[in-house]
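A.B. asks: Sequential numbering of the first sequence, starting at 1, is according to UniProt numbering.
For the record, the hints were derived by calculation from the structure and aren't laboratory data. Backbone N, C-alpha and C fix where the C-beta goes; we use that ideal spot for every residue, glycine too. Certain hints may be false.
[What the hints assert, rightly or not] Here are the in silico distance ranges between beta carbons for each label pair:
1) Asp151 / Pro70: 19 to 27 Å
2) Asp151 / Ala473: 47 to 55 Å
3) Trp455 / Arg417: 21 to 29 Å
4) Ala480 / Gly385: 43 to 51 Å
5) Gly407 / Asp383: 48 to 56 Å
6) Ala68 / Arg477: 57 to 65 Å
7) Ala564 / Ala64: 31 to 39 Å
8) Trp455 / Ala564: 38 to 46 Å
9) Asp303 / Ala67: 25 to 33 Å
10) Arg237 / Arg417: 50 to 58 Å
11) Arg476 / Ala450: 50 to 58 Å
12) Gly85 / Asp383: 52 to 60 Å
13) Glu429 / Pro575: 20 to 28 Å
[Claimed, not checked] Calculated pairs, DSSO-like style, for lysine-lysine (alpha carbon to alpha carbon, straight line, at most 27 Å):
14) Lys590 / Lys394
15) Lys248 / Lys283
16) Lys170 / Lys590
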Amino acid sequence: MRLHPGAYRGIGALRATAESHADPQPAPAWIAVGRDGSDVVAVRLAADGAELSRVQVSARDFAAFVAAEPETRWVWSDTPAWHPGLLSASVRVARAHDLRLCHAILRDSALVEDDRGLRAAREWDAAPSVEDVSATLFDLEEIGAAGPPDDIDAALAEFARQRAAVDASKDPGRLRLLLAAESAGALIAVEMRIAGLPWDAAEHERLLTEILGARPAAGGMPVRMQELAEEVRIELRDPAASLDSQPKLLRSLHRAGVLAESTSRWELARYEHPAISPLIQYKRLARLYTANGWSWLAEWVRDGRFRPVYVPAGVVTGRWASSGGGALQIPRNLRPAVKADPGWALVVADVAQLEPRVLAAMSGDAALARAARGQDLYAGIVDSGAVATRAEAKVAILGAMYGATTGDSGRLLPALRRTYPRAMALVDEAARVGQQGGVVSTWLGRTSPATSEGWREVQGAAAEPDASAADEARARRRAADRGRFTRNFVVQGTAAEWALAWLADLRTRLAAMPPVEAERGAPASGRVFATRPHLAFFLHDEIIVHTPAERADEVAVAVREAAASAARLLFGDFPVDFPLDLRIAQTAAKD
DNA sequence: CCGAGCTGCGCG
DNA sequence: AAAGCGCGCAGCTCGG
1 MRLHPGAYRG IGALRATAES HADPQPAPAW IAVGRDGSDV VAVRLAADGA ELSRVQVSAR
61 DFAAFVAAEP ETRWVWSDTP AWHPGLLSAS VRVARAHDLR LCHAILRDSA LVEDDRGLRA
121 AREWDAAPSV EDVSATLFDL EEIGAAGPPD DIDAALAEFA RQRAAVDASK DPGRLRLLLA
181 AESAGALIAV EMRIAGLPWD AAEHERLLTE ILGARPAAGG MPVRMQELAE EVRIELRDPA
241 ASLDSQPKLL RSLHRAGVLA ESTSRWELAR YEHPAISPLI QYKRLARLYT ANGWSWLAEW
301 VRDGRFRPVY VPAGVVTGRW ASSGGGALQI PRNLRPAVKA DPGWALVVAD VAQLEPRVLA
361 AMSGDAALAR AARGQDLYAG IVDSGAVATR AEAKVAILGA MYGATTGDSG RLLPALRRTY
421 PRAMALVDEA ARVGQQGGVV STWLGRTSPA TSEGWREVQG AAAEPDASAA DEARARRRAA
481 DRGRFTRNFV VQGTAAEWAL AWLADLRTRL AAMPPVEAER GAPASGRVFA TRPHLAFFLH
541 DEIIVHTPAE RADEVAVAVR EAAASAARLL FGDFPVDFPL DLRIAQTAAK D
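Whenever a hint applies, use it, and build me the whole structure from the sequences.
C.D. replies: Next comes the structure, spelled out in C-alpha cells:
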C-alpha cells in the first residue's frame, strides 16, 4: 500500500506541512510555544529540529507576535488551549501542529517502529483542554485538571519525540500527511464553534409548535403530545399507563395483549393494535421535545448561532465526536432552522456514499471504482450485475463494511465477493486480523487500539483445556465483535481522513477569499469570520459554509475543488470519483 | 441524593 | 423490513 507518488502535488497548506523538513526548499519555520506564568515562550526551530532562538512574549503581545509570522507552523500543546485566544484577537494561524492529537496517533500507529518513548510520555494522553470558562464552580476543578502540559520544555520534548518517531517510521510521508490533516481539523473545530451554525430560533419555535402543538405553560407537556398520550391510554384501557418508562409501558402493553419484547419502534410496528399508531407518534414527538425542544433552544442557541463543541478524533476511528448540544444528531426536520444571515447564503455539500468509494480506492478495486464512477454508486453496482436492485446494492455494501452475517445483507455478500474481490478481501482481512487480536490501520496510518485485558482474558479462558461450552461461545462472540469493529475501522477511519483533507483544503481556499465590507458582515460569526466565507458545520461527510451571498458560487467551486484535492492527496490518480451533492440556499433544509 | 447502567432514538 | 459499524443524549431504574 504505497502512497501514490503524485499524492503531494498541488495542495497548499497540507502539502507544505506534510513535506516538512524533508522538503529541500526552504520551508516555513516551526515555532513551538509554551506558557510561563502569564507569558508565552516561543522557540524557533531549524529544519532539523535544532533550537534557533527563544523569546519570551507577554500574553498581551502574543497575538501580534503570531500575526507577524503568517507562514509559520505553530507547534502547541492542544489547539483549544491556544487558538481561541488568538481568534478573539482577530489572528488566525495558517498551520499548527497539535501535540496532543498527534501524540495519540503516533503512540498507536503501526507505522511507528519504536513507540516506547511516546508510550512513556503519559502526560500527553490527557483529555483536551476545556477553554470555555462559563462553567460552574463545580466544573472548575475539572478544567484545571484537563489538558496536556503547556510549558515549553514539555512541548519541545514531545515534538522531538514525534519527529523522531515519524522520521524512523515505515512511511513518514503518510504520517506527516495524517498529522497535518489532524492538526488542521483541530483548528477548524475551534473556528466552527466560534463562528457557529446560523440558527433561526423563530423558525425553530415555529416548527416545534407545528409538530408538538402549543408550548406548555409551566412544566407541562405540549398539546399534541398530551392528546396522543391520552389516545394511547384510552386504547390501552389503562388511564394510568406510563409512556415514558420502558418497563411500565411494556407491562401496560402486555395487559392489552400486545406481547412485544421491547418498546422500540420497529418492534411495536409489527403489532396490530389501535394503541400502536398513536404510541409511535407519541414517541416520535417526545424525542423531539426532549432532545431538541424549547429547553435545547434556550440552552444552545445564542445570538442566532448554535455553537457545539467539536471533539476531533473523539472517535477511535478518527471521526469527530461532539460534546454538548448533540451537534451530530440535529434531526432532519429541524434543518429548516439552519438559516443564513440576511445577505448571506449557505453552501451545503455532502459526499454521496463516501465510505464505499474510499474502500474502492484503498483496495485498488477497479471494478468497484468503475461502479463508483457516476453520482450513484449503488446504481453502478446494479449495472455491474452483482445484485438486482439499488436497495439490494445498498444493503449489501453496508453489510460488507459492517460485517453482516445474516439476513438479506449476509445473503448478498457472496455475489459481492465475486464481483469486487479486492474490496471484499480488504475488509475481510481487516476482520480476520481483528478477530485474532491484531490491529489494523487506515490508509494514512491511524491504527486501531490493541485488545483490552478483558478481551484477552476471555480468549485465554476459552483456550484452557477445561473451558466450558459457554466460555468458548463467549470467546467466539467477543472475537467476532472485534472482527466487525476492525473491519469497519479501516473504512470509517480512511473516510474520516478523506473528510479531514477536504476540510483542511477548503479552509485554506476560503481564507484566501477577499472579505466583504464590514457593514455587510455577519457579526455574530465572530470578528475573524464576520466578513468572509467560513465553515459553519461538519458532520462526517457533510459541510456547511456560511458565505456572503455574492461569494456563494465561488465558494461552491472551492468546495468541489477541495474534494478533488482531497481525493488526489490520498489516492493520487486512482480513478475513483467523490461526487458531491451541493446546493446553495438560504436554509439547510433537505429536499 | 448521586451515579452507573440500560433503553431508545437521533445522526453518519 | 432491521441484521452488521461508529457516536451523544435524555429519561428511567436501581443500588449505594
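A.B. asks: Hints first: check each against the structure and report whether it holds.
C.D. replies: Hint check:
no., hint, result
1, Asp151 / Pro70: 19 to 27 Å, "26 Å, holds"
2, Asp151 / Ala473: 47 to 55 Å, "52 Å, holds"
3, Trp455 / Arg417: 21 to 29 Å, "28 Å, holds"
4, Ala480 / Gly385: 43 to 51 Å, "31 Å, violated"
5, Gly407 / Asp383: 48 to 56 Å, "24 Å, violated"
6, Ala68 / Arg477: 57 to 65 Å, "59 Å, holds"
7, Ala564 / Ala64: 31 to 39 Å, "37 Å, holds"
8, Trp455 / Ala564: 38 to 46 Å, "41 Å, holds"
9, Asp303 / Ala67: 25 to 33 Å, "26 Å, holds"
10, Arg237 / Arg417: 50 to 58 Å, "53 Å, holds"
11, Arg476 / Ala450: 50 to 58 Å, "20 Å, violated"
12, Gly85 / Asp383: 52 to 60 Å, "54 Å, holds"
13, Glu429 / Pro575: 20 to 28 Å, "23 Å, holds"
14, Lys590 / Lys394, "21 Å, holds"
15, Lys248 / Lys283, "15 Å, holds"
16, Lys170 / Lys590, "44 Å, violated"
When the structure is compared with the earlier hints, violations turn up for hints 4, 5, 11, 16 and for no others.
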